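Undergrad: Residue strings, one per chain:
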Amino acid sequence: MRLFLTGLRVQFEVMRRQPDHLLTLCTLPFTAVILLSVVLHSARPDLVVNAFLAPALMGLWGFATGSAVEVVTGDNWSGTLEPGMAAPGALHPVYLGRIAAVMGLGVIPLGETWLLGGVLFGVTPTIHHPWVFWAAMAASVFAMTGTSLLMAAALLLSRNGGIYQNFLSFPIYVLSGVMVPVSYLPEPLRPFSHLVFLSWAADLMRDSASPGPVSAVGWRLLAVVVLGVVGLVAGRLLLAAVLRRARELGTVRYA
Amino acid sequence: MRDQLRVLRHATAAAWVQYSAYHTWRTWAFTWLSRLLIQACFYALIGRMLGSADQVEFLLIGNVVAVMAIDATVVVLLTVTERHLGTLALMVAAPASHLVTYLGRGLPNLASGIAASTIAFLALPPLFDVPVPWPQALVVPLMIAVVGASCYCYGACVASLVLGFPSARWVALNLSYLTLMTFCGVNVPISFWPDWLGALTSVLPMAHGLGAIRAFLDGGTWSAVLGGLGLEVCVGAAWFAVAAYGFRRMVAKGRADGTIEFGV
Numbered sequence: 001m002r003l004f005l006t007g008l009r010v011q012f013e014v015m016r017r018q019p020d021h022l023l024t025l026c027t028l029p030f031t032a033v034i035l036l037s038v039v040l041h042s043a044r045p046d047l048v049v050n051a052f053l054a055p056a057l058m059g060l061w062g063f064a065t066g067s068a069v070e071v072v073t074g075d076n077w078s079g080t081l082e083p084g085m086a087a088p089g090a091l092h093p094v095y096l097g098r099i100a101a102v103m104g105l106g107v108i109p110l111g112e113t114w115l116l117g118g119v120l121f122g123v124t125p126t127i128h129h130p131w132v133f134w135a136a137m138a139a140s141v142f143a144m145t146g147t148s149l150l151m152a153a154a155l156l157l158s159r160n161g162g163i164y165q166n167f168l169s170f171p172i173y174v175l176s177g178v179m180v181p182v183s184y185l186p187e188p189l190r191p192f193s194h195l196v197f198l199s200w201a202a203d204l205m206r207d208s209a210s211p212g213p214v215s216a217v218g219w220r221l222l223a224v225v226v227l228g229v230v231g232l233v234a235g236r237l238l239l240a241a242v243l244r245r246a247r248e249l250g251t252v253r254y255a
Numbered sequence: 001m002r003d004q005l006r007v008l009r010h011a012t013a014a015a016w017v018q019y020s021a022y023h024t025w026r027t028w029a030f031t032w033l034s035r036l037l038i039q040a041c042f043y044a045l046i047g048r049m050l051g052s053a054d055q056v057e058f059l060l061i062g063n064v065v066a067v068m069a070i071d072a073t074v075v076v077l078l079t080v081t082e083r084h085l086g087t088l089a090l091m092v093a094a095p096a097s098h099l100v101t102y103l104g105r106g107l108p109n110l111a112s113g114i115a116a117s118t119i120a121f122l123a124l125p126p127l128f129d130v131p132v133p134w135p136q137a138l139v140v141p142l143m144i145a146v147v148g149a150s151c152y153c154y155g156a157c158v159a160s161l162v163l164g165f166p167s168a169r170w171v172a173l174n175l176s177y178l179t180l181m182t183f184c185g186v187n188v189p190i191s192f193w194p195d196w197l198g199a200l201t202s203v204l205p206m207a208h209g210l211g212a213i214r215a216f217l218d219g220g221t222w223s224a225v226l227g228g229l230g231l232e233v234c235v236g237a238a239w240f241a242v243a244a245y246g247f248r249r250m251v252a253k254g255r256a257d258g259t260i261e262f263g264v
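Respectively, the protein sequence lines represent chains P and Y.
First residue of the first sequence? That's 1 in our numbering, and the numbers climb one at a time after it.
First residue of the second sequence? That's 1 in our numbering, and the numbers climb one at a time after it.
All clues stand as given, with none of them false.
Covered stretches of chain P, as calculated for chain Y (at least 3 residues, CB under 8 Å): (1) 25-31; (2) 42-50.
Which residues of chain P face chain Y? A partial, calculated answer using Cβ under 7 Å: (3) ILE34; (4) VAL38; (5) PHE170; (6) VAL174; (7) VAL180.
Hints listed in this document are in silico derivations from the structure and should not be mistaken for laboratory results.
These figures come from a predicted structure and were not determined experimentally.
Glycine residues also receive a C-beta, built at the ideal position from the N, C-alpha and C atoms.
Could you put the whole structure together from the sequences, leaning on the hints where they help?
TA: Below you can see the structure in the form of structure tokens.
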């Protein structure tokens, strides 16, 4: 726990000194304005909730594939991963703490989108089931932390992880139905959506904004959490395997 | 002029070596190109959700052209990298102008963007049942290239401003192309925005060129299409002139205050 808290503290300090980590907060308003303008121009107020939730979830994912993943890949690039490997404490809790710090900021895009919608377009969706909404958001942040650890460890396997980092945006947004529900995707793609926690979270959050009762809340929340746990465990195992492989192959540098 | 073209050829060759060290054709096709194609699909799917074939067409064509702007504006990052490499002192001392090197720094990325947009234009309309007038539409890639060149000049201008604030390069890059994607008629008509904002987009790249491409695909007159493309060229030329002035000013200022560093 101490190492986890240390990671949290270190990351907050890093983000304070390097505003690049907050890039998502600068780009997200444009995504929100684009999506809101499209649904309002089409006179589809029923889809305003989609246009609000999509940028929020895309922002959460953006923090994960941007700053959270770079916690590990950036250390590898700058040569600070190696001294960490030599330190007596385990690296995983430190990285998990640093990633959790980034993901803690992942809820800001939600507020940013709400603010923009109200100020620029004079619309804000009504959330009829706020507890469901916030539970889904909290589960998403947790699941995103686990998924980030998995992505970061996987990107360490590549010499040029940035290429794959770029790729992990719109394909996930389409597959997870953050804006357009999965039912609009071609039939063969739909089963894969169930493997992305964002698809469960987006559906649940959209349902929380409709006046009718939300079905199977517990099971759907559980799906988000379970996928997050899978990411967390897989990320931890993969990170350990990648670091062990680097030691065994003698590819640990001293920079 | 011939000397300048030779410098441009060498600068482009150097930029290509850097680009090909980052991307192989496989990583370009399977990560970058496929991501851009899926980005265009994301917006076309919104049109499908809206239940309107016209919206599908508007969003698909708009985003097929707009994804090129991402690559075109990467010149913002590349010029900052060039400055960081510490080559400016040598260029200032050399008889050729540093302008050619800086303005040509992102040409491989521009080519990548035009190629990606062209492939998207050829591949995606059939998937979304968007009608395209073949074979006349074969000229659309040329129009995309005109819009790309204009976006590139705009990116170069932003780059000339960002050179003094290198830590802002990522923010500047993202805001540059997102501004075009948001307000220049990519996802909603420019008339959706307040008049003052609409007027502002007329000096931005993309707005006129994309309008010309839409007019062409809708069977508009050649005068309307060529008029739009002509305005796009004028807008690009204006941004180019400002970019050239910005890069010249950078050197003049560096000479005056001794901030042109040699080496990294």
